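Peer 1: Sequences and hints are given; from them, build the entire structure.
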Amino acid sequence: MSRKALLILFLVAVIALVPALSNVKAQSRTVVTWFVGIGTGSQPAQIEVQNRAVEKFNASQNEIELKINIAASFETAYDVLATLIASGDAPDIVGPVGFLGANSFADAWLDLQPLVEKYNYDLTQFPESLVNLYRTEEGLVGIPFAVFPSLIFYNKDLFDEAELPYPPANFNEPYVLNGEEREWNWETLADLAVELTVDANGLTPNDPGFDPNQIRQFGFIQQWALLRAELTTFGGHPVYDAELGKVVLPDYWREQLRWTHDGLWKRYFIPNATYEGSELLQPSAFASGNVAMARVPLWYTCCIGDLKSNWDLAVVPSYKGQYHVPTDADTFRITKASKNPDAAFKVLMYLLGEAAPELLLTYGGYPARPDLQEAATKLRQESFPSVTNWDIVPASLEYAASPHHESFFPNFPKGIQRFADFRSQLYGDTGKTMDLEAEINKLEADLQAIVAEALR
Amino acid sequence: MTSVPTPLRAERAIARPRREVSIYEQQKRWGWIFLSPWLIGFFIFTFVPIVASLIFSFTDFYLTRPNEIKFVGLNNWIKLFNDPLAINALRVTFGFAILSLPVAIALPVLLASLLNSKYLIGKPFFRLLFYLPYMVPAISGIFIWQAFLNGQTGWLNRLLRLMGVVEPPNWLGHEFWIAPAMVLMGVWGVGNAMLITLATLQGVPQELYDAAKVDGADAVTAFFKVTLPMISPVIFYNLILSVIGLLQFFVVPYVLTRGTGNPNGAAYFFNMHLYRTAFLFQDMGYGATMAWFIFLIAIGLTVILFTTSRRWVYYAGGE
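Quick note, the sequences are listed as chains A and B, same order. So the first sequence is numbered by the working numbering: it starts at 1 and just counts up by one. So the second sequence is numbered by the working numbering: it starts at 1001 and just counts up by one.
Quick caveat, the hints were computed from the structure, so don't treat them as lab data. Please read these numbers as outputs of a predicted model, since none were measured by experiment. Just so you know, not all the hints are guaranteed correct.
Straight-line alpha carbon distances no greater than 25 Å define the calculated BS3-like cross-link-like pairs of lysine-lysine that follow [as the list claims (entries may be wrong)]:
| id | chain 1 | residue 1 | chain 2 | residue 2 |
| --- | --- | --- | --- | --- |
| 1 | B | Lys-1225 | B | Lys-1118 |
| 2 | B | Lys-1079 | A | Lys-246 |
| 3 | A | Lys-442 | B | Lys-1079 |
| 4 | A | Lys-442 | A | Lys-266 |
| 5 | A | Lys-378 | A | Lys-56 |
| 6 | A | Lys-336 | B | Lys-1079 |
| 7 | A | Lys-339 | A | Lys-67 |
| 8 | A | Lys-156 | A | Lys-308 |
| 9 | A | Lys-118 | A | Lys-336 |
Label pairs and their calculated CB-CB ranges [said to hold, decoys possible]:
| id | chain 1 | residue 1 | chain 2 | residue 2 | range |
| --- | --- | --- | --- | --- | --- |
| 10 | B | Lys-1079 | A | Pro-212 | 38 to 48 Å |
| 11 | A | Pro-394 | B | Leu-1099 | 54 to 64 Å |
| 12 | B | Leu-1099 | A | Asn-201 | 37 to 47 Å |
| 13 | A | Gln-43 | B | Gly-1203 | 48 to 58 Å |
| 14 | B | Met-1163 | A | Pro-212 | 15 to 25 Å |
| 15 | A | Thr-76 | B | Tyr-1131 | 28 to 38 Å |
| 16 | A | Pro-212 | B | Leu-1099 | 25 to 35 Å |
| 17 | B | Ile-1055 | A | Gln-43 | 38 to 48 Å |
| 18 | A | Asp-157 | B | Phe-1045 | 50 to 60 Å |
Every residue gets a Cβ at the ideal spot worked out from N, C-alpha and C, and that includes glycine.
Peer 2: Structure follows, in structure tokens:
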């Protein structure tokens, strides 16, 4: 063999060995994978912050290499995670994830209690009620991280234009509508929303000649809401009552549906699906500046940048004298399939600890840790100078609706889909002519069949 | 010292001659070598999953519980024929096919004939114009159409209002109008079929038209007696692709209805039911059954079309 050939062979061998050697170096650290997507976390600004958190963690120690896997979109994230689990390549950490996302993979989560004890992780720093949210039959499946109480976001400019007082900034505070002091309940909100709904001729639904096909401004929306969250604004209730052994849709949920149906199709203060998909309400209904009030969880601060108007926060109205605040709660969970639960727990402690302030800000989450709450409020004040009522956030947590609107019931994904189909029917053109009572009964019967299928 | 071959050695040499490889054999071998990446990819990523899905269809495989898989015999197949959602989804799929197939077949022929006309000025411009939408990515196209067809602020309804239609249809919100709306959206996808048809049209010999003219045929008769038979192989090709495409129809209704298939299930296509079952409910066993069911329907329809093609497709060189 000539020298030249030997030299080429040597070079080829070196080129082949370099990646292999660098791989050996990388593999000397325990790899922990973090999957993001079945909750918030897929927005470009959030991706940047998450990547920074990963870089910071990897630079801080030599024991663990944290790798992040962010799903392309929320819509595809469920498939991606399901496929990863099925193929035996489950991520170690998943999150931020709410109850809805987590319940879709109901038996996938590791009981953290042994690791909490092993590493003396202090759970007493959280309010007990929040920790208990994560205690299930399978153990402690999560540690509180971010909470997102529902609030009424309102457009100050539209209120000023209509010369109407702003909605209450405190619980148990009345509202003065047309000179009459009224309890701040859902009926009052409906009457107020009608006054803020305007058609192309400047008429409200109370005026003769109002044209529901030419509405230019709406009074209220339950934005990006799941039907169960909407129902829970009138009170929490489990979908499946284990004691009775059946599905029950309580009267107050039926009343909530009647209230929504009226708002959509009789009093026109809620935009229907066609309006919601129209140019009028883009990029999102409240951020378009054409909706006066929106009931939406706190995480909506992530996506309100497009709103050019001044806005502020009000409390969610009461139902029969009681406040029920649907509250989303996100955290990071460790999967049962994790090959390195100890290393994953160390990463979890980092995400819930050192990385938390920045991550919470980008997720729009309110810290579950009370020691971080003041700083979080301050940061929000700087980001949103028009908002003055931040005190509502911790106050709303006192009224968190229970049971949770995303709580588990048998055959959860199928049941959730049935609720979504009902909402689509109610908000779509079909809602206009639907026999509401018959459809509610059908929903109940279908849910019963769905639950029974899983229990068989 | 050189050894002299013994008779035995010479005999062996005669008994085991070095095999001469013909050029044909060499080309065949290299052909397989060049094909092998695709074949290996096909085997691993297509053939194995196909076989796996057939096996899954006889199990209760759930994506999130891969270790609890059980053999359930024909249960999934029995369930399929008793599933009202599956039956409705099949009805929606075939209903839409009846509405959209004539458009998918006739429109490319019509457009190609127009573009082939000697009286049309600016042919390259129109060819580009009709082909261009085909290049728009599907999701972007759907969003554009969604805005265009919105019942309140969509351009189409604004136009209809200007023309005096007081209550134009809510294209995407009404169960009657959503299918025509999707057919309308499908018009954007005819560019490719139109181009293939146009290429075939341009290949029809002029002598045939001249002969028809001598025989007294007018333009319409020439179109039906000369053009259509001559381009029938391409029509057949478009028909097969359209039928298979319709049985795979998913992205448009899924994005348009945000996965619900509403209004009133009018856009709940079979593949949406399949997707929901397999990936949202993670019921892979039943999902695989549905996939095989629609595959068998596609095979059946293709066989029927090929069988009938002998009667109406003209092949100049015979079959």
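Peer 1: Next, verify each hint and record whether it holds.
Peer 2: Hint check:
{"no.": "1", "hint": "B:Lys-1225 to B:Lys-1118", "result": "holds (19 Å)"}
{"no.": "2", "hint": "B:Lys-1079 to A:Lys-246", "result": "holds (24 Å)"}
{"no.": "3", "hint": "A:Lys-442 to B:Lys-1079", "result": "holds (21 Å)"}
{"no.": "4", "hint": "A:Lys-442 to A:Lys-266", "result": "holds (23 Å)"}
{"no.": "5", "hint": "A:Lys-378 to A:Lys-56", "result": "holds (24 Å)"}
{"no.": "6", "hint": "A:Lys-336 to B:Lys-1079", "result": "violated (32 Å)"}
{"no.": "7", "hint": "A:Lys-339 to A:Lys-67", "result": "holds (14 Å)"}
{"no.": "8", "hint": "A:Lys-156 to A:Lys-308", "result": "holds (11 Å)"}
{"no.": "9", "hint": "A:Lys-118 to A:Lys-336", "result": "holds (17 Å)"}
{"no.": "10", "hint": "B:Lys-1079 to A:Pro-212: 38 to 48 Å", "result": "holds (44 Å)"}
{"no.": "11", "hint": "A:Pro-394 to B:Leu-1099: 54 to 64 Å", "result": "holds (56 Å)"}
{"no.": "12", "hint": "B:Leu-1099 to A:Asn-201: 37 to 47 Å", "result": "holds (38 Å)"}
{"no.": "13", "hint": "A:Gln-43 to B:Gly-1203: 48 to 58 Å", "result": "holds (53 Å)"}
{"no.": "14", "hint": "B:Met-1163 to A:Pro-212: 15 to 25 Å", "result": "holds (22 Å)"}
{"no.": "15", "hint": "A:Thr-76 to B:Tyr-1131: 28 to 38 Å", "result": "holds (30 Å)"}
{"no.": "16", "hint": "A:Pro-212 to B:Leu-1099: 25 to 35 Å", "result": "holds (30 Å)"}
{"no.": "17", "hint": "B:Ile-1055 to A:Gln-43: 38 to 48 Å", "result": "holds (40 Å)"}
{"no.": "18", "hint": "A:Asp-157 to B:Phe-1045: 50 to 60 Å", "result": "holds (55 Å)"}
Of the numbered hints stated above, the single one contradicted by the structure is hint 6.
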